[in-house]
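The working numbering numbers the first residue of the sequence shown as 2 and each following residue consecutively.
Keep in mind that the hints were calculated from the coordinates and are not lab data.
Note that this is a predicted model, so its numbers are computed, not measured.
Errors might be hidden in some of the hints.
[What the hints assert, rightly or not] Okay, derived cross-link-like pairs now, SDA-like style, lysine to any residue, Cα gap no bigger than 20 Å in a straight line:
{"no.": "1", "residue 1": "Lys3", "residue 2": "His14"}
{"no.": "2", "residue 1": "Lys3", "residue 2": "Asn20"}
{"no.": "3", "residue 1": "Lys3", "residue 2": "Gly13"}
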Amino acid sequence: MKERSVWLISAGHAFTDLNQGALPALLPFLIVA
Numbered sequence: 002m003k004e005r006s007v008w009l010i011s012a013g014h015a016f017t018d019l020n021q022g023a024l025p026a027l028l029p030f031l032i033v034a
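Between the sequences and the hints, there should be enough to build the whole structure, so can you do that?
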């Protein structure tokens, strides 16, 4: 049970990191393509 909650927290953290970091950086390329 504890490992699952740790995995959920790290997965959510990675998801927000991607949305805050990678998405704005890739947005111009996605719009051009």
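The hints, checked one at a time:
Restraint check for lysine 3 and histidine 14: satisfied, since their Cα atoms lie roughly 17 Å apart, inside the 20 Å limit. Annotation: proposed proximity of lysine 3 to asparagine 20 is violated, straight-line Cα distance about 26 Å (limit 20 Å). Pair hint lysine 3 plus glycine 13 holds up; C-alpha atoms about 16 Å apart against a cutoff of 20 Å.
This entry does not satisfy hint 2, going by the numbered hints stated previously; all others are met.
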